[in-house]
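In the order they appear, the protein sequences are chains A and B.
Just so it is clear: in the first sequence, position 30 is 154 by my numbering, and no numbers are missing.
Just so it is clear: in the second sequence, position 123 is 131 by my numbering, and no numbers are missing.
What the hints contain is simulated information worked out from the structure, not anything from laboratory work.
In this text the structure is predicted, and so the values were computed from the model without any measurement.
Built from N, CA and C at the ideal position, the CB exists for glycine as well.
Hints are supplied without guarantee of correctness; some may be wrong.
As the list claims (entries may be wrong) - Only some residues are given here: those of chain A computed to face chain B with a beta carbon under 10 Å:
1) M125
2) L126
3) F135
4) A141
5) I142
6) G145
7) L146
8) G147
9) V154
10) V157
11) L160
12) G179
13) A220
14) V235
15) A250
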Amino acid sequence: MLKGLFILLLFQLVGEAISRGLGLPVPGPVIGVMLLFAALMLSARFKPMRKPDEGPLPVEQAADGLLSHLGLLFVPAGVGVAQSYYALQGHLLGVAVALIGSTAITLVATVAVFRLVARAIERRAAR
Amino acid sequence: MKPSPERFFELWVFLSTSPLLWLTVTIGAFLAAQQIAAAAGRHPLVNPVLIAIVAIVVVLRVTETDYRTYFDGAQFVHFALGPATVALAVSLFRNRALVAHDAAPIAAALVVGAIVACVSVVLIARALALPPEIVTALAPKSVTVSIALGIAGQIGADPGLVAVFAIATGISGAILVTPVMNALGVKDFAARGFAVGLASHGIGTARAFQVDGVAGAFAGLAMALNAVVTALVAPTIIGWLAP
């Protein structure tokens, strides 16, 4: 668990260093995701025979621990946000309509495009 | 020594300003909220993130604690957002065969979704005649908070408002996704997860992991990809559509 946490922090650190060092528009943790994914692919290539009884890797244990409580991690920021609603200066209703409406539209548009393209590919493969 | 109101007050003064109390309250509130969500059969309206936030806001209000004091304790939880983002690589790696299989739908849904998320909110906000500073701050709403703040700098939006809108969007999407997808009859958990991760970032991803592991992996992927695409397109969209 400690080793896994170390690996996650290390990849975040390297990601931040690359993002800031090179002035990239891509945020550090996103670069960290790409690097860790690449590292996992490489380790699977060089060590393809992982026995099932070996159990999860340390990094998997740490990742599962964090991701199973992902919601918790947004609570501190959420509390800060809930206290600043007065900044909306009486536009609460309009903002709520815009946010909820746009979120629903985005959900529908994204899932529709995903399914349409997936179905088109399946149909072509079946032919 | 016998307990007395003075001693109790002294204890409270110590505890209320120590990080220990507010860290414990944050984790305790979330655990209790999860219990409530589980008791409600994980009903989409009973969102544990929202319940925990409301409960803590009430506690802070009642105890007259300011946000800075609270955050001294809660920052340890907040900090874990970074490594948790990196941890998405693990769920991506586990589902790499599925992700590779769906590469084309992922690419298409990403581009359309990122543009719709940004354009639709700006157009609705303008139609409702909201003030320009609110319209601009709404544009990066579907991106996870830390990254939305970076985009705020690029488009000249108020960072406080941007954070409010990003969190509110995350909670909205996490609540909306299950009823919307069921109404549309979408049973593909990869597609459902991708949509909620794109529309409502980490809070949507947390909801996806609550429902299904594959949905969680695709939500995390969508969140990471959308952060990059929105950072690239939001300044242009704001340039065209801002009032």
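Here's how the hints hold up against the structure:
1. M125: Violated: closest Cβ of chain B sits about 12 Å from M125 of chain A, beyond 10 Å.
2. L126: This hint is violated: L126 of chain A lies away from chain B, its Cβ roughly 13 Å from the closest one there, beyond 10 Å.
3. F135: holds, 5 Å
4. A141: Constraint on A141 of chain A not satisfied, violated at 13 Å.
5. I142: Since chain B brings no Cβ nearer than about 13 Å to I142 of chain A, farther than 10 Å, the hint is violated.
6. G145: At about 16 Å, which exceeds the 10 Å cut-off, the nearest Cβ of chain B leaves the hint on G145 of chain A violated.
7. L146: L146 of chain A check fails; min Cβ-Cβ to chain B is 15 Å, beyond 10 Å.
8. G147: violated, 12 Å
9. V154: holds, 5 Å
10. V157: Interface hint status for V157 of chain A: holds (5 Å vs cutoff 10 Å).
11. L160: holds, 4 Å
12. G179: violated, 14 Å
13. A220: With a minimum Cβ separation of about 8 Å from chain B (threshold 10 Å), the hint on A220 of chain A holds.
14. V235: holds, 4 Å
15. A250: violated, 15 Å
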